[in-house]
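Peer 1: Listed below are the residues making up each chain.
Protein chains: 2
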Amino acid sequence: MPLPLAFRFAGYYAGLKSDPSQLDMAMIVSDTPATAAGVFTQNVVCGAPVTVARARIPSDDLRLVVVNTRVANTCTGEQGITDAKTMASVAASKFGLAEEQAIAMSTGVIGRMLPMEKILTGIDGLSKTLAANDESFQAAARGIMTTDLQPKFTTRELQTSSGKTIRIAGLCKGSGMIAPNMATMLAVITTDAALKVNDAQAMLKRVADVSFNCVTVDGDTSTSDMLVMLANGAADATPLTGNDITNFEKTLTGLCEELAKKIAADGEGASHLLTVEVNGCASESDAKQIARSIAESPLVKTAIAGGDPNWGRIMCAAGYAGINFKPEKSLLLLNETELFRNGQPVTFEASKVSKSIRENFETSVKLTLGEGNANAKLWTCDFTRQYIAINADYTS
Amino acid sequence: MPLPLAFRFAGYYAGLKSDPSQLDMAMIVSDTPATAAGVFTQNVVCGAPVTVARARIPSDDLRLVVVNTRVANTCTGEQGITDAKTMASVAASKFGLAEEQAIAMSTGVIGRMLPMEKILTGIDGLSKTLAANDESFQAAARGIMTTDLQPKFTTRELQTSSGKTIRIAGLCKGSGMIAPNMATMLAVITTDAALKVNDAQAMLKRVADVSFNCVTVDGDTSTSDMLVMLANGAADATPLTGNDITNFEKTLTGLCEELAKKIAADGEGASHLLTVEVNGCASESDAKQIARSIAESPLVKTAIAGGDPNWGRIMCAAGYAGINFKPEKSLLLLNETELFRNGQPVTFEASKVSKSIRENFETSVKLTLGEGNANAKLWTCDFTRQYIAINADYTS
Chain A
527 MPLPLAFRFA GYYAGLKSDP SQLDMAMIVS DTPATAAGVF TQNVVCGAPV TVARARIPSD
587 DLRLVVVNTR VANTCTGEQG ITDAKTMASV AASKFGLAEE QAIAMSTGVI GRMLPMEKIL
647 TGIDGLSKTL AANDESFQAA ARGIMTTDLQ PKFTTRELQT SSGKTIRIAG LCKGSGMIAP
707 NMATMLAVIT TDAALKVNDA QAMLKRVADV SFNCVTVDGD TSTSDMLVML ANGAADATPL
767 TGNDITNFEK TLTGLCEELA KKIAADGEGA SHLLTVEVNG CASESDAKQI ARSIAESPLV
827 KTAIAGGDPN WGRIMCAAGY AGINFKPEKS LLLLNETELF RNGQPVTFEA SKVSKSIREN
887 FETSVKLTLG EGNANAKLWT CDFTRQYIAI NADYTS
Chain B
527 MPLPLAFRFA GYYAGLKSDP SQLDMAMIVS DTPATAAGVF TQNVVCGAPV TVARARIPSD
587 DLRLVVVNTR VANTCTGEQG ITDAKTMASV AASKFGLAEE QAIAMSTGVI GRMLPMEKIL
647 TGIDGLSKTL AANDESFQAA ARGIMTTDLQ PKFTTRELQT SSGKTIRIAG LCKGSGMIAP
707 NMATMLAVIT TDAALKVNDA QAMLKRVADV SFNCVTVDGD TSTSDMLVML ANGAADATPL
767 TGNDITNFEK TLTGLCEELA KKIAADGEGA SHLLTVEVNG CASESDAKQI ARSIAESPLV
827 KTAIAGGDPN WGRIMCAAGY AGINFKPEKS LLLLNETELF RNGQPVTFEA SKVSKSIREN
887 FETSVKLTLG EGNANAKLWT CDFTRQYIAI NADYTS
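Chains as they are written, first to last, in my numbering: chain A, 527 to 922; chain B, 527 to 922.
Because the hints were derived from the structure by calculation, they are not lab data. Just so you know, not all the hints are guaranteed correct.
For identical chains, the list gives no copy identity; a pair is met inside one copy or between any two copies.
[To be verified] Distance condition first, Cα-Cα at most 30 Å in a straight line; then the derived BS3-like pairs of lysine-lysine: (1) Lys878 <-> Lys852; (2) Lys611 <-> Lys722; (3) Lys881 <-> Lys543; (4) Lys611 <-> Lys690; (5) Lys852 <-> Lys722; (6) Lys787 <-> Lys722; (7) Lys654 <-> Lys611; (8) Lys543 <-> Lys787; (9) Lys543 <-> Lys722; (10) Lys690 <-> Lys881; (11) Lys611 <-> Lys855.
Use the sequences and the hints to build the structure in full.
Peer 2: Okay, structure coming up:
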């Protein structure tokens with residue numbers, strides 16, 4: 527994979543999870559000064575690592591991210607803040623960095639204190655195993671997983687107008703409690719392009735809005751989520767401008783969309799990745815609200831799990847989104863088959879549409895209204911028996 | 527049961543459901559002119575019977591309600607409107623009433639035309655079996671059920687200041703897709719008190735807001751819901767005023783609360799009735815929004831199903847409700863045990879709280895914030911494997 531230059535990665539087993547064949551910590555280090563941008567959870571109840579990182583990002587030189595799973599360090603009071611700072615400062619000290627050049631991320635159960643002894647042992651292990659290769663990059667992706675079934679990572683490469691090659695690598699975790707506004711999602715993007723701090727921050731916010739914030743698994747928005755991007759300029763020290771920055775943003779958007787879809791597809795118990803598109807609204811926020819209402823409807827999500835082309839539940843969910851529209855001017859497609867038009871169902875072969883749901887992992891719902899030209903898109907997963915099993919039995 | 531005077535009830539099997547041991551139609555008739563008030567679904571996509579009834583209620587003389595299950599007559603265009611009017615007019619004609627003195631209610635699958643032949647046979651059967659006794663009243667309650675496991679009805683009796691006895695009887699159906707703003711809920715209240723039209727309408731709206739609109743099962747708000755009250759004055763022809771009307775409203779509120787809780791308790795697959803109270807907010811709408819966020823969180827609902835006193839999921843759901851509050855000034859009780867106070871979890875015996883969840887059908891979540899004096903309450907049920915089974919396998 528085309529990993530960005532001058533970044534090293536590690537994943538480590540620090541004894542936080544009970545199964546030693548898994549990894550439960552990760553570290554990402556830039557060997558040279560890096561611009562940092564961040565997007566954080568909007569939950570009123572937020573984790574100590576979020577509070578600490580928010581004060582350090584944006585930054586013109588952030589070099590290190592250290593992550594632990596299993597314990598989220600949320601609702602842990604003053605001691606939690608101290609622990610989050612300690613994680614960052616101990617990790618920073620391994621590389622002679624100031625503590626403000628490092629941040630910690632934590633995900634897992636909330637309300638428990640971090641097991642600092644294990645964490646510090648883990649930081650030591652991570653700092654000794656850091657490497658700039660695919661194996662380490664993927665180990666870092668594994669080291670941030672909670673109930674994810676798959677590690678999630680991807681890379682991109684592009685050329686600047688001056689012919690230089692720049693690389694972007696992203697890794698993330700999701701699963702459960704995923705919703706817009708940064709649910710239990712941790713993501714770290716690294717790039718060897720150079721970016722001005724303000725450019726990086728504004729861009730990351732825009733990109734998050736059309737990628738990670740378009741994912742909803744169960745509507746729950748978690749307390750611990752962070753998306754952080756580090757840009758170290760190791761491939762080209764001149765900050766991107768003009769067409770180069772435009773191309774970079776486009777590439778970054780594609781990378782983040784890919785990661786976001788991986789999160790939706792790996793939602794707890796998911797048997798389908800569902801894309802909900804709502805078009806023809808008076809405003810983008812109207813379109814988003816209707817899309818969210820459909821994507822979060824348990825009745826829609828269970829219908830998809832059951833292979834049921836239930837246009838009634840979809841139209842019903844659109845109808846209670848709180849946005850006024852005329853059903854008589856609406857068109858609904860499921861997997862490109864027309865189910866509903868102008869206020870009434872269309873005759874369609876239910877068994878054929880049902881088959882198309884059952885036989886494909888991806889399902890598409892496309893609702894077009896006659897209220898305007900604004901559109902929105904959300905990714906989600908279906909609601910299966912496994913979802914309930916995972917969440918009724920998860921230890922508090 | 528103290529049934530109101532001069533009302534007759536019937537339930538009937540018209541062949542709409544496949545199981546002839548069930549009932550699938552109901553009729554309620556007032557033998558004397560009745561004031562009618564109504565509260566209707568706020569879904570943009572609404573059923574034909576809702577459209578027709580909205581035009582006839584409030585009314586100073588509505589006499590008949592006829593109900594069918596199995597087919598909701600929603601998204602059925604002009605023909606649907608015609609069918610809803612036909613149901614009402616054919617029923618009205620059996621008693622020499624004008625068609626505007628009758629309304630139809632329908633619940634069930636949407637997008638299908640009513641099987642009018644069966645419906646008309648059913649109306650004939652209903653009109654011939656109407657009676658003013660407990661058995662008929664309960665048959666009417668059974669005749670409006672869809673996936674409800676239990677018929678839902680109750681009665682009240684009170685005295686006016688002039689010593690007259692007045693009675694209120696209510697029947698309803700719920701189950702699945704129940705949420706504030708009148709989900710797939712049908713309810714008919716009958717009383718032999720007399721009420722002025724404006725009084726009845728304003729009162730019913732207020733009562734619905736603190737009873738039926740406090741129920742949420744899965745957040746989905748249906749297309750077909752109606753709450754209708756008929757007051758025929760058969761016990762006392764003088765419209766209630768002063769203390770009498772206050773007492774009546776109080777009694778009606780209790781009756782509607784009882785019915786609303788029955789709906790929440792009978793949510794699809796429910797193993798717990800969950801009451802969510804949020805106190806200490808800056809406004810009632812803030813309190814409602816936070817309560818709704820908790821009550822509709824799939825993670826909270828699966829935790830309750832699993833007997834897990836997971837304060838983290840509850841605080842997290844409160845935190846993403848979109849209302850600002852200080853976690854440092856909050857107190858959370860589950861079944862009266864303190865779980866969380868001032869931003870941090872309290873030490874509690876998890877096994878004891880878990881036992882109290884497992885061993886009781888009712889679970890109480892009480893969150894007190896330090897933002898003001900406004901309160902709100904919602905009833906919901908937990909999320910079980912059965913919920914998914916029912917909704918993934920329900921015929922579209």
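Peer 1: Should Lys543 paired with Lys722 be assigned to within, between, both, or neither, using CA atoms and 30 Å as the limit?
Peer 2: neither (39 Å within a copy, 67 Å between copies)
Peer 1: Give the relationship of Lys611 and Lys722 under a CA distance limit of 30 Å: within one copy only, between copies only, both, or neither.
Peer 2: For Lys611 and Lys722, the Cα distance is within 30 Å only inside one copy (26 Å; across copies 67 Å).
Peer 1: Measure nothing new, just compare the shortest in-copy and cross-copy C-alpha distances for Lys852 and Lys722 to 30 Å and report within, between, both or neither.
Peer 2: So Lys852 and Lys722 fail the 30 Å test inside a copy (46 Å) and across (35 Å) alike.
Peer 1: 30 Å Cα cut-off: does Lys690 pair with Lys881 within a copy, between copies, both or neither?
Peer 2: neither (48 Å within a copy, 64 Å between copies)
Peer 1: Which holds for Lys881 with Lys543 at a C-alpha limit of 30 Å: within a copy, between copies, both or neither?
Peer 2: Between copies only: 27 Å across, 40 Å inside.
Peer 1: Check Lys878 against Lys852 for me: Cα-Cα at most 30 Å, and say if that holds within a copy, between copies, both or neither.
Peer 2: within (28 Å within a copy, 52 Å between copies)
Peer 1: Give the relationship of Lys543 and Lys787 under a CA distance limit of 30 Å: within one copy only, between copies only, both, or neither.
Peer 2: within (26 Å within a copy, 41 Å between copies)
Peer 1: Reference check for the pair Lys787 and Lys722, CA-CA at most 30 Å: within, between, both, or neither?
Peer 2: Intra 28 Å, inter 57 Å, cutoff 30 Å: intra-copy only.
Peer 1: When no copy is named, should Lys654 and Lys611 be tagged within, between, both, or neither for a Cα gap of at most 30 Å?
Peer 2: Classified as within: same-chain Cα gap 21 Å, cross-chain 78 Å, threshold 30 Å.
Peer 1: I want to check one pair: Lys611 and Lys690. Are their C-alpha atoms no more than 30 Å apart within a copy, between two copies, both, or neither?
Peer 2: neither (37 Å within a copy, 73 Å between copies)
Peer 1: Classify it for me, Lys611 with Lys855: is the Cα-Cα distance of at most 30 Å met within a copy, between copies, both or neither?
Peer 2: Between copies, since 24 Å is at most 30 Å while 55 Å is not.
Going down the numbered hints, you'll see the structure goes against 4, 5, 9, 10, while the others check out.
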